[in-house]
Amino acid sequence: MQLPSELDDLYQDIILDHYRSPRHQGLLDAPDLRGEGFNPFCGDQVVLTLGLDEAGRIDAVGFEGQGCSISQASASMLTDHLQGKTLEEAEDLVRTFKGVMQGEEFTPEQEEELGEVAALQGVKQFPIRIKCALLGWTTLQDAITAYRKTQG
Amino acid sequence: MYDVAEIRKDFPILERQVHGVPLVYLDNAATSQKPRAVIQALSDYYERYNANVHRGAHTLAIEATDAYEEARAKVARFINAPGPENIVFVRNTTEAINLVAYTWGVANVKAGDRIVVTEMEHHSNLVPWQHVARVNGAELKLIAMAKDYTLDTSDLDELLTPATRLVAITQMSNVLGTITPVADITAAAHRVGALVLIDAAQSVPHMPVDVQALDCDFMAFSGHKMLGPTGIGVLYIRSEVSEQMDPFLRGGEMVLEVTYEDASWNEVPLKFEAGTPNIGDAIALGAAIDYLTALGMDNVREHEVALTRYAMERFAELEEVTTFGPSDLSVRGGVVSFYMSEIHPHDIGQVLDQLGVAIRAGHHCAMPLVRSRLMVPATARASFYLYNTEAEVDVLIDGLNQVLRYFGDAASKRA
Chain F
11 MQLPSELDDL
21 YQDIILDHYR
31 SPRHQGLLDA
41 PDLRGEGFNP
51 FCGDQVVLTL
61 GLDEAGRIDA
71 VGFEGQGCSI
81 SQASASMLTD
91 HLQGKTLEEA
101 EDLVRTFKGV
111 MQGEEFTPEQ
121 EEELGEVAAL
131 QGVKQFPIRI
141 KCALLGWTTL
151 QDAITAYRKT
161 QG
Chain W
496 MYDVAEIRKD
506 FPILERQVHG
516 VPLVYLDNAA
526 TSQKPRAVIQ
536 ALSDYYERYN
546 ANVHRGAHTL
556 AIEATDAYEE
566 ARAKVARFIN
576 APGPENIVFV
586 RNTTEAINLV
596 AYTWGVANVK
606 AGDRIVVTEM
616 EHHSNLVPWQ
626 HVARVNGAEL
636 KLIAMAKDYT
646 LDTSDLDELL
656 TPATRLVAIT
666 QMSNVLGTIT
676 PVADITAAAH
686 RVGALVLIDA
696 AQSVPHMPVD
706 VQALDCDFMA
716 FSGHKMLGPT
726 GIGVLYIRSE
736 VSEQMDPFLR
746 GGEMVLEVTY
756 EDASWNEVPL
766 KFEAGTPNIG
776 DAIALGAAID
786 YLTALGMDNV
796 REHEVALTRY
806 AMERFAELEE
816 VTTFGPSDLS
826 VRGGVVSFYM
836 SEIHPHDIGQ
846 VLDQLGVAIR
856 AGHHCAMPLV
866 RSRLMVPATA
876 RASFYLYNTE
886 AEVDVLIDGL
896 NQVLRYFGDA
906 ASKRA
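Sequence order for the protein chains is F and W. Counting in the working numbering, the first sequence runs from 11 upward without gaps. Counting in the working numbering, the second sequence runs from 496 upward without gaps.
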């Protein structure tokens with residue numbers, strides 16, 4: 011029996027590459043922000059740590075996790091796009107990605123900026139995997155929200 | 496034995512195609528498919544005699560009440576309960592266990608007492624007891640899993656102290672398929688004066704079960720895993736125990752006499768069935784039991800043992816795959832949990848789905864077992880029922896070979 015081609019949309023090479031060799035592995039020792047995300051549906055887990063410079067821009071990123079290829083690859087791709095961003099910019103990124111997973115299209119500028127993240131659009135054909143793809147991103151949002159609370 | 500090809504014709508859903516290929520349904524530990532007779536019983540009730548039960552003297556009400564109570568009697572005979580009064584209809588296994596926890600458990604487990612469960616429990620037979628232990632100041636102890644995936648009962652005598660009020664154990668693990676020695680454990684528990692609850696969600700659908708032979712005090716199981724509809728489950732309670740128990744939910748139907756100040760309770764089992772019960776699904780569960788009884792539970796068990804033996808032989812061909820569960824089929828049901836270190840179970844399930852094969856991927860509502868004992872983040876699980884075939888096992892194994900090739904190729908493309 012032949013495997014259908016939709017699978018290749020889901021499991022694009024770049025996704026499997028991030029899954030096998032996740033970027034920014036290892037947690038920061040003294041992070042400014044820390045978030046933990048868990049998807050009880052399939053047991054996917056992501057821990058994200060961020061450091062900020064004096065201007066409040068992200069200058070260090072560390073992540074660890076375990077779970078399916080989509081959850082881990084998506085979180086790994088996210089970590090590639092955080093360096094130098096303010097928390098507001100990082101939140102914009104999360105908002106954009108969530109929107110795309112919920113059916114919106116990337117603008118050409120967003121697609122240009124996010125590069126390989128666009129490969130995750132294939133996940134939309136497999137609705138139950140959207141939660142997997144979002145895990146790292148919602149973990150980032152939770153970490154930012156928690157950080158803001160501590161800053162009053 | 497029965498003719499599986501003939502049996503399959505009774506299940507309309509098995510003719511279904513998924514992604515253009517025939518469905519191979521191997522997620523029976525999650526829920527079973529339904530034969531036409533069960534679907535028919537449900538629509539018959541709604542088309543011909545839908546009425547509320549235990550009230551009203553009109554024809555429909557009498558027919559509905561008779562059918563509902565006949566379903567209760569069928570359940571009682573099926574597990575050899577002394578009588579229908581031992582059978583309480585609930586939503587599912589989880590609700591059955593919570594009923595015991597919130598009534599008998601909260602009232603009888605005292606500070607310093609002990610509740611014993613096993614490391615193999617489904618969350619539904621663990622989390623309610625964590626709650627009772629926490630609220631009442633009792634301790635929760637575990638019967639450990641042995642290396643061969645059976646229960647390690649070697650230190651049972653130390654675990655079962657006179658302070659032990661309850662032993663709550665699964666009869667068949669939904670992750671490992673392990674069939675546990677519930678009769679022996681029950682006897683040991685009774686020697687120290689503890690009561691015993693058996694989570695039979697995976698056992699009653701798949702093998703002959705006799706509550707009087709097991710001598711347990713409570714037994715819980717779900718209709719939907721045994722060819723019946725969702726939303727109907729069973730709690731068996733030994734009579735001496737149920738008479739002493741307070742009601743769970745209070746309201747209509749469960750009362751005998753009500754004044755503005757007070758109320759007295761209806762007799763068992765209606766004492767535990769407040770409000771309009773799930774009449775249609777109970778009646779359809781009765782039809783499921785008729786179907787299982789006609790096949791013979793010994794035959795169902797024999798079929799599944801043969802199929803599991805075949806599946807284990809085929810799984811052994813896959814070097815990259817680790818399976819979990821007892822190798823001795825006399826203590827194993829039709830469940831094969833497996834794991835590949837390089838490919839997450841969720842991804843396995845995704846590829847298999849494209850080939851029409853339905854399996855479960857995840858922690859199977861047994862997180863501590865999967866993570867802390869099997870030491871993996873999740874497993875994939877194939878689980879069989881009376882209508883599955885060796886040909887379907889072959890489709891699964893072919894599918895797993897494709898999974899290995901697919902993710903292997905994807906990895907080597909970059910190398």
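In case anyone wonders, no lab produced these hints; they're calculated from the structure. Model, not experiment: these values are computed from the prediction. Think of the CB as a built atom: it goes at the ideal place given N, C-alpha and C, for glycine as much as any other residue. Mixed in with the good hints there might be a few duds.
Chain F regions said to be covered by chain W (calculated; three or more residues, Cβ under 8 Å) [claimed, not checked]:
1) 51-62
2) 65-79
3) 108-121
4) 146-158
How does the coverage statement for the segment 51-62 of chain F fare against chain W, requiring three or more residues with Cβ below 8 Å from a Cβ of that chain? holds (count 5)
Given coverage of the segment 146-158 of chain F by chain W, checked by CB-CB distance under 8 Å (3 or more): violated (count 0)
Counting residues of the segment 108-121 of chain F with a beta carbon closer than 8 Å to any beta carbon of chain W, are there 3 or more? violated (count 0)
Examine the segment 65-79 of chain F for residues whose CB is less than 8 Å from any CB of chain W, and state whether their number is three or more. holds (count 4)
The structure shown violates the earlier hints numbered 3 and 4.
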